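Enquirer: Listed here are the chains, written in short residue letters.
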Amino acid sequence: MTLDEIFERARREKRLAFVPYVMAGDPDLETTEAILSALSAAGADVIELGVPYSDPLADGPTIAAAGQRALGGATHLRGVLELASQCRERCAPIVLFTYYNPVYQFGVERFAREAAAAGIAGAIVPDVALEESAELRAALAARGLAMPLLVAPSTPHERAARIAHAATGFVYVVSRLGVTGAGQAPDFAPLRRQLASLRDLTSKPLAVGFGMSRPQDVRDVGPLADAVVVGSALIDSYAGTRGQAAAARVRDFVAPLIAALGAA
Amino acid sequence: MSAPDARGYFGEFGGRFVPEVLIAALDELERAMTAAFADPVFWDEYHAVLRDFVSRPSPIYRAQRYAADVSPVPLVMKREDTNHTGAHKINNTVGQALLARRMGKGRLLAETGAGQHGVATATVGAKFGLPVDVYMGARDIERQALNVEVMRLLGANVHAVTSGTQTLKDATNEAFRVWAQRVEDTFYVIGSVVGAHPYPFMVREFQKIIGVEARRQTLERYGRLPSDVIACVGGGSNAMGIFAGFVDDAEVKLWGVEAGGKGLDGEEHAASLQAGSVGVLHGSRSYLLQSAEGQVRETHSISAGLDYPGVGPEHAFFKESGRATYVNVTDAQAVEAFHGFARSEGILPALESAHAIAFARRLAADRGADDLILVNLSGRGDKDIGRC
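Keeping their order, the protein sequence lines are chains A and B.
For the first sequence, position 152 (counting from the first letter as 1) is numbered 152 according to this note's numbering, and the numbering increases by one without interruption.
For the second sequence, position 200 (counting from the first letter as 1) is numbered 200 according to this note's numbering, and the numbering increases by one without interruption.
No lab work stands behind these hints, which were simulated from the structure alone.
This structure is a prediction, so every number in the text was calculated from the model and none was measured.
The beta-carbon is built from N, C-alpha and C at its ideal position, and this holds for glycine as well.
The reader is advised that the hints may include incorrect statements.
Calculated pairs, SDA-like style, for lysine to any residue (alpha carbon to alpha carbon, straight line, at most 25 Å) [as the list claims (entries may be wrong)]:
| # | chain 1 | residue 1 | chain 2 | residue 2 |
| --- | --- | --- | --- | --- |
| 1 | B | LYS319 | A | TYR104 |
| 2 | B | LYS319 | A | GLY72 |
| 3 | B | LYS262 | B | ALA332 |
| 4 | B | LYS319 | A | GLN105 |
Simulated coverage check for chain B against chain A, where a stretch passes if three residues somewhere in it have a Cβ under 8 Å from a Cβ of chain A [stated by the list, open to error]:
| # | segment |
| --- | --- |
| 5 | 10-17 |
| 6 | 158-172 |
| 7 | 181-195 |
| 8 | 279-288 |
Far from chain A by the CB rule (all over 10 Å, computed), these chain B residues [said to hold, decoys possible]:
| # | residue |
| --- | --- |
| 9 | PHE37 |
| 10 | PHE53 |
| 11 | ARG139 |
| 12 | LEU146 |
| 13 | GLY266 |
| 14 | GLY294 |
| 15 | GLU320 |
| 16 | SER321 |
| 17 | GLN333 |
| 18 | GLU345 |
| 19 | ASP366 |
| 20 | ARG387 |
Make the full structure from the sequences, and use the hints.
Expert: What follows is the structure in structure tokens.
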């Protein structure tokens with residue numbers, strides 16, 4: 001299924017799509033594979049798969065530490081692509097979440113080619129905002145991959161319109177100022193205004209992320225969005241475990257979130 | 001001396017690689033900076049503060065004895081160590097604090113490596129009545145304890161950064177993260193010619209005073225331009241500041257001295273331009289020390305102020321264009337220069353500046369009485385006592 005079809009299905013079912021985030025290789029690739037399978041079986045619509053990076057500017061302590069653990073196990077972009085390729089048959093569609101430098105060193109064209117070959121649906125690159133995105137967007141588009149762009153609470157309206165126009169796959173709506181992390185809750189009143197304003201600008205799916213951690217957060221997003229992204233809280237849920245034990249923790253963690261999707 | 005293009009590029013280096021949450025703040029900063037730079041009243045106040053508070057112009061001084069045994073070449077120091085707070089860093093923080101006030105931002109935020117930029121930011125925060133938060137690697141806090149104490153005396157909150165390598169790189173990551181959360185009321189005072197556009201350009205413009213003064217002073221005192229201008233390069237702000245005065249004088253050779261650490265044949269150094277490759281770090285495309293997979297590497301220098309895996313994009317541009325030449329000096333050579341310069345000249349240089357001084361002695365052997373070597377003595381060495 002394409003990203004468009006997935007979001008269309010969720011709309012038909014009158015629910016939000018569920019987009020969990022997992023850091024590849026935290027603490028090892030076997031654990032990530034078990035978690036990807038569990039999430040897909042539990043009903044994840046799309047999975048954001050984090051590529052470890054030494055200097056993740058947009059991430060708070062949980063995801064930054066997860067990235068450090070993954071780097072400790074020598075997981076890099078190549079290994080992440082292999083993992084995605086291995087589980088493409090049984091996993092929900094994967095969108096990579098990667099900073100630009102690992103992609104730049106890998107080669108932008110080569111990245112697009114190998115990501116497409118691995119069955120990846122798209123890539124979110126948080127340190128590549130609209131002005132720097134043209135080359136990467138074109139390379140990904142040529143291989144049929146999406147490049148969702150972020151809209152922040154600080155993004156002016158006119159700029160949000162240009163971002164929504166350029167984004168492919170979906171528009172990633174940041175729920176509040178700051179970096180990723182469950183410690184700081186979404187700012188719902190301005191978020192709802194932002195979603196309503198984006199809804200007027202675009203028919204592309206709107207995915208809300210940063211600070212989403214509880215079923216109540218999912219319900220509070222309301223029907224203006226199409227999807228919710230949950231990352232740091234999910235990573236916290238399996239802290240200190242590995243393999244099937246980690247997958248079981250994740251299954252338990254996402255069940256109430258998934259149950260809340262239709263109540264939004 | 002040229003400005004970067006509209007997207008903040010010097011040639012292929014620079015740009016703006018930051019999360020979307022910061023883009024509006026960078027746009028706002030760029031607009032305010034452009035308006036301020038075109039406003040003579042802004043520059044009048046900047047120069048008045050530099051004169052009365054920082055005690056500019058800083059003098060030039062001919063080192064008589066340090067290299068006299070190897071060459072008759074005049075070896076002239078630009079004395080940034082005489083500035084209030086003891087280094088060039090304050091030229092930039094005065095400018096940025098004035099800009100913050102003009103923009104109505106109520107708080108200052110800074111990263112620091114050696115602590116000189118943290119002290120310089122804490123100083124202007126106190127002077128202008130703006131609360132200051134400084135982010136500093138836990139390892140740097142350990143090796144620059146004196147500066148930490150000074151920042152606290154000046155009323156700044158010093159936050160220890162324990163992630164990653166616990167040095168300037170991670171302090172900068174953390175400062176960006178904190179800025180993303182407080183972007184509405186906080187001005188991020190970046191300490192070097194690094195970061196996303198317009199920072200590399202803006203910081204250069206605030207440090208250009210070093211080169212403008214030094215050019216005038218050298219012409220007045222010696223009736224000629226220097227043959228060579230030397231400065232140490234970590235992020236590269238003191239170097240870009242002094243280079244800016246001479247970049248249009250094609251006959252003046254510009255030398256940037258990187259931290260060679262324990263030697264460029266291993267990995268324990270911080271010579272981004274000489275041993276690194278092109279990549280993206282802290283908001284701009286430049287040279288950096290990284291693995292084949294694009295992970296930013298741990299660096300080493302005895303001098304905390306040079307211990308940084310990246311370098312300002314305009315230096316990368318100068319390297320590519322050949323306008324400046326980049327060389328390196330090892331820890332041991334810098335320490336030798338620190339001691340040698342102290343004993344022969346009566347001046348304790350910062351360990352960072354000692355890198356430039358060590359290279360000046362090396363270069364002096366190839367220069368004669370008709371030449372003139374100008375060295376940016378970017379800071380004083382009190383903070384390094386007991387470390388070498």
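Enquirer: State for each hint whether it applies.
Expert: Hint-by-hint comparison with the structure:
no. : hint                   : verdict
1   : B:LYS319 with A:TYR104 : 21 Å, holds
2   : B:LYS319 with A:GLY72  : 34 Å, violated
3   : B:LYS262 with B:ALA332 : 8 Å, holds
4   : B:LYS319 with A:GLN105 : 20 Å, holds
5   : 10-17                  : holds (count 3)
6   : 158-172                : holds (count 4)
7   : 181-195                : holds (count 4)
8   : 279-288                : holds (count 5)
9   : PHE37                  : 22 Å, holds
10  : PHE53                  : 33 Å, holds
11  : ARG139                 : 16 Å, holds
12  : LEU146                 : 28 Å, holds
13  : GLY266                 : 19 Å, holds
14  : GLY294                 : 3 Å, violated
15  : GLU320                 : 17 Å, holds
16  : SER321                 : 22 Å, holds
17  : GLN333                 : 29 Å, holds
18  : GLU345                 : 40 Å, holds
19  : ASP366                 : 38 Å, holds
20  : ARG387                 : 27 Å, holds
Hint check: violations occur at hints 2, 14; the rest are consistent with the structure.
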